[in-house]
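*Asks:* Single-letter residue listing:
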Amino acid sequence: MRDHIQFYLGDQHYRLSDVSPETTVLDWLRETRHLTGTKEGCNEGDCGACTVLVVRLENNQLVWKAVNACIQFLWMLDGAQLFTVENLRSPDGSLHPVQQAMVDLHGSQCGFCTPGFVMSMVAYSKKAGATAKDEDINDALAGNLCRCTGYAPIVKAMKQALQHTQDNFEREQDQIRTRLTALQNAEMAEIRTPAGTVTLPRTSDQLAASYKAAPDATLVAGATDVGLWVTKRLQSLPHVISVSGVHDLRKIDHRPEGLWIGAGVPYTEAQQDIAALFPDVGEVIRRIGSTQVRNAGTVCGNIGNGSPIGDGPPLFIAAGAILHLRHGETRRTLPLEKYFRAYGQQDRKKGEFIEGILIPYPAPALQYRAYKVSKRFDQDISAILGAFALTVTQAGLITDARIAFGGMAAIPKRASATEAALVGKMWDERALSAARDAIQTDFAPLSDMRGSEWYRRTVAANLLTRCFAETSGMTQQPETRLAGWKETAHG
Amino acid sequence: MAEAVKMQVKLASGEQDTLESRRATPNPVIVTGGASTSLKHESARMHVSGEATYLDDIPEPRGLVHVVPGLSTKAHARILSLDLDAVRAVPGVICVLTHKDIPGHNQVSPVGKNDEPLLAEDMVFYYGQPIFIVVAEDRHQARKAARLAKITYEELPAILTIAQAREAGSALVWRPLEMKRGDVDTGLINAPRRLSGRITIGGQEHFYLEGQAALAQPGEEGEMRVWSSTQHPTETQHMVAHVLDRPSNLVTVEIRRMGGGFGGKETQANIPACLAAVAANATGRAAKMRLDRDDDMIMTGKRHDFVVEYDVGFDDAGNILAVDMVLAARCGWSADLSGPVIDRALFHADNAYFYPDVRFRSEPLKTNTQSNTAYRGFGGPQGIVAAERIIEEIAFATGLDPLDVRLRNTYGTGTRDLTPYHMTVEDSIASEIMTQLAENCDYRTRREALREANRHSPYIRRGIALTPVKFGISFTATHYNQAGALVHIYTDGSVQVNHGGTEMGQGLHTKMVQIAMREFGLTEDRVRITATTTGKVPNTSATAASSGADLNGMAVLDAISKIKHRLISFAADHWQVSEQDIQFRPEGVQIGETLVSFPALVKAAYFARVSLSSNGFYKTPKISWNAETGRGRPFYYFAYGAACAEVAIDLLTGETRIERVDILHDAGQSLNPAIDIGQIEGGFIQGAGWLTMEELVWDKAGKLSTHAPSTYKIPACSDRPRIFNVSLLEAAPNREATIFRSKAVGEPPFVHGVAVLQAISDALASLKNYKICPQLDTPATPECILRTADRLRALSEV
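Protein sequence lines correspond, in order, to chains P and W.
Using our numbering, read the first sequence as starting at 1 and increasing by one per residue.
Using our numbering, read the second sequence as starting at 1001 and increasing by one per residue.
Since the hints were derived computationally from the structure, they do not count as laboratory data.
Take these hints with a grain of salt, some might be off.
Selected chain P positions facing chain W (Cβ under 8 Å, derived; list incomplete) [said to hold, decoys possible]:
1. 47
2. 99
3. 113
4. 114
5. 232
6. 378
7. 436
8. 437
To list a few chain P residues with every Cβ distance to chain W over 10 Å, as calculated [claimed, not checked]:
9. 1
10. 57
11. 58
12. 89
13. 106
14. 365
By construction, the Cβ of each residue, glycine as well, lies at the ideal position given by its N, Cα and C atoms.
Please take these sequences and the hints and turn them into a complete structure.
*Replies:* Given below as structure tokens:
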């Protein structure tokens, strides 16, 4: 058993055996390393001022990801190389093409968000298939807030920087690869310090054994939620067990019975495969958190924490997903909606963890639509999320309906009365009207800062109308969506 | 390469061009990057490489302690007991301080009202009010400890909203202001048509990316050196001295740059600075207070929300005849800057329009919420939103295009030119700008096309609006309109510029460097700007009211001119040429037939014992204001502009998207077109955010529910307009003798967001075939829009 983690910060190798479970990458950089280029803006992963670049060797490929250092724990860097804004200049002192473009095009005013933007921009410039399209750049930068510029010059700078073919990191690729290869270690690690214990299993068997032995430990995958327990609730984490280093939980599989997403798979990696099956799920995932959040946060973590306002659960409940749980050597499955029992209460025993989720392939007659409604299109928690999976025959008969909502109840929940009002009906104005009435009996939403009860009830019914407009075979389909800069997901 | 700038200066009537006379020899060419040309931000390279130092990046002095506040969890209560034992018991905690530990005055009212204790005494007046501070070796320990206080309260009725304050007959934090001209009652009665209404205008969190922070280091014999992320170092200095009960000459406040301010660090920065100083004083160690974002948002004041009631008389042609308005604002628990903020709302409740008979009255209401404060526009935008609502109402009532109502009612020149505060508008150009913009962006054709398209679109509707801004430039507190500077030339010919203004991203330091470059003919690398410090330039005003470049620029120019006079006088004597034959040019100093390098001239002057350093001073001429009579000339001049916005709204969800925005803005003869365009683009987005997605929500207990970016949403990258065209008004030098005939540009463009609000309203109006004014309140969140649509549908058509 290893008793340390290893990683690189720029060219500097670190082998640490005194890592507290709670130390964030940001605090380590600023307070221990005195590297102050990376800024703290919000300490909750919403502003992106702390964005850093993490490169890992995955399937023998270098994978570059922008993440929020404020909600990444230091121990999560095991096996990775971390780059901060301090690492961007060339050895001769010249600026990185992204930095130069930001200077040239007046992309900074107060400059406080700038290092974070620059890191997100560098990450985007390294992304395979990065385009100079506004909508793609918007997505890459959705997790970086700027209060001064209004973003226009930053987007221009991104476009300019994309014209450069090579940067330092590309020139140093072989060296990075060599270093990361040397860091790869199949051995499980456990670090015990007075501040607490960090367990880094490498296989799901090790995870199962560790968690069974320490069922009060906190499971952490991407830390995009647990990070805030530490930075905002000031909660202690005496023992954490990592999910993200477990290789066999990092898998996406096209199984005969459906698409398998392992517990360690971040949203970013799952997005394409899911979107290929359910374009609207892909579109909602595009708007979950931000690039940085999706690079860390996992599909299953979004389920595991049992949040009533997580976007993943209603999407996958409507799709008929099956959750796979494991406790020690015992495995069981359950339909995803059964996992959520009541507010803060899930069907998960002590020491039991999610291994993955299986999303059945959509049948040809399935009409699947999902709509996220929030005050801001990007990186905002939903006021309401509605997901509709309707099986409609050629003749227009609804033979099956799975409708799930987030933000409408204390848990992500199916709209059973609405489903009942639709199944067996022709998909017409009358059925719509009945469904709009039924949905008012399905939910008793609360009022909060994201929307009042009235708003949630009204929009829930209106999302049925939108779904009807999009799926009932209108001859002239009206415009129904504003989200995103793309015309529509189905355009 | 040098750039020639065309200067078509139309002088203010009867004015001597003090600017031209101030400069001994006008430069025919401007060095590249010199004032009136574009230059990159002086810190741009440091920004992008993480090398720019902000407060929390300053290397920490040995033995530094961390300070974290303990906040009230009641909106209005008497503190019955305060048990801090558990706080003190946390390892690493050095001490816990309350108001009793403040050596001087427990008072930080910036306006001398003595209504703002630094730490609460026996009462708390809002949820989030600092009651004590934890001083610890480590910030994490301090944050944990601060939550362990056991406080018992006797809760008292809390007044949270404008409506509650009015109902309870709540106190005012400031004297109400009345502005009037003509006889509004008669005007309203005699008007052929009349309508009245009300608009609710939401507040706004500054959301500077760098939160409030300060570092205090004790020195010899009571000295206190303070680094503070403040827009007003002098006030911070005075407050720290006041709280510590020592003279100002023992306190030095320094700030190199802020990570955004927007008004939120004008007075609010005093609190962390004073608390850090109190901790430093108590421990004898350097002390830093850097607020966590949530604490920052819960503690500090924001933009005032308003309820404005209006009564307007007009005729069928859309002419405004009389306007009566009451502007009520939620000021929070103390006066802070609410008085002048609400006054400025009244100063702008006319926007660009002449009201023949007019009366404006203010209600600065005291509430048990954060003490609202300065925020870009300082009340002006709220007044303008109300003025533009009136335009809209008249347009719907008469069936006219709102743009035509606007054009019909703008101030005239020589006639219809008197404001409600009896200042004559000498240069009304709002109509010209609107007309030019409407043509440039094809407003009228697009408006017709959108209306037609809306008829065939059941769910998504589009709207368009073109709105002007006329913004008064100067502090309405006349004495603030002064500035100082200190310029040194060293014997190697390098120049250092200091001035009283602070850099918060707006490019002020860049512009000051550019003035020195232009005057001396030097390149950027030869002019260095330093941190702002009360030790170099004392008794300064806040960098606020868009005045930074106007005031400090003239002070810098004054300092430079004094040195230039000495150099010219020396050179004329030394080289035996006439003073008129000496010019500071990019290629060197032309002295008659001889070209001398700037360093060579400087060195020669030094050996001849010529002083190479000078201070500079400026005070804005012409201005005066008497709040008692409601009369005066509070503004040196007005800045103008117009914006045209096209939006799409979703009638099923209330979601909105900005499709296109065109802006034409008056920056006079811009000091730096690139920076000014940046101010306009950024100001617009901030203004649009204020009026759409940025919503402050308090719960019933008076706790701010939206206290982090997870719940308070400022515009993100994809919220910018899909098409965004911004231009500066060409050949429009300031008619007043400002620094190189430029105009202030910080606040006016914020108002352009109003076009978005009105475009949303236009889209909503399609529900009633454009016959009814939607009376859309702000912020026009999706829910607000959906509610308005719902209300409109329920109305029968008139």
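*Asks:* A separate judgement is required for each hint: does it hold in the structure or not?
*Replies:* Tested hints:
{"no.": "1", "hint": "47", "result": "holds (5 Å)"}
{"no.": "2", "hint": "99", "result": "holds (4 Å)"}
{"no.": "3", "hint": "113", "result": "holds (5 Å)"}
{"no.": "4", "hint": "114", "result": "holds (4 Å)"}
{"no.": "5", "hint": "232", "result": "holds (7 Å)"}
{"no.": "6", "hint": "378", "result": "holds (5 Å)"}
{"no.": "7", "hint": "436", "result": "violated (11 Å)"}
{"no.": "8", "hint": "437", "result": "violated (17 Å)"}
{"no.": "9", "hint": "1", "result": "holds (29 Å)"}
{"no.": "10", "hint": "57", "result": "holds (26 Å)"}
{"no.": "11", "hint": "58", "result": "holds (27 Å)"}
{"no.": "12", "hint": "89", "result": "violated (6 Å)"}
{"no.": "13", "hint": "106", "result": "violated (5 Å)"}
{"no.": "14", "hint": "365", "result": "holds (25 Å)"}
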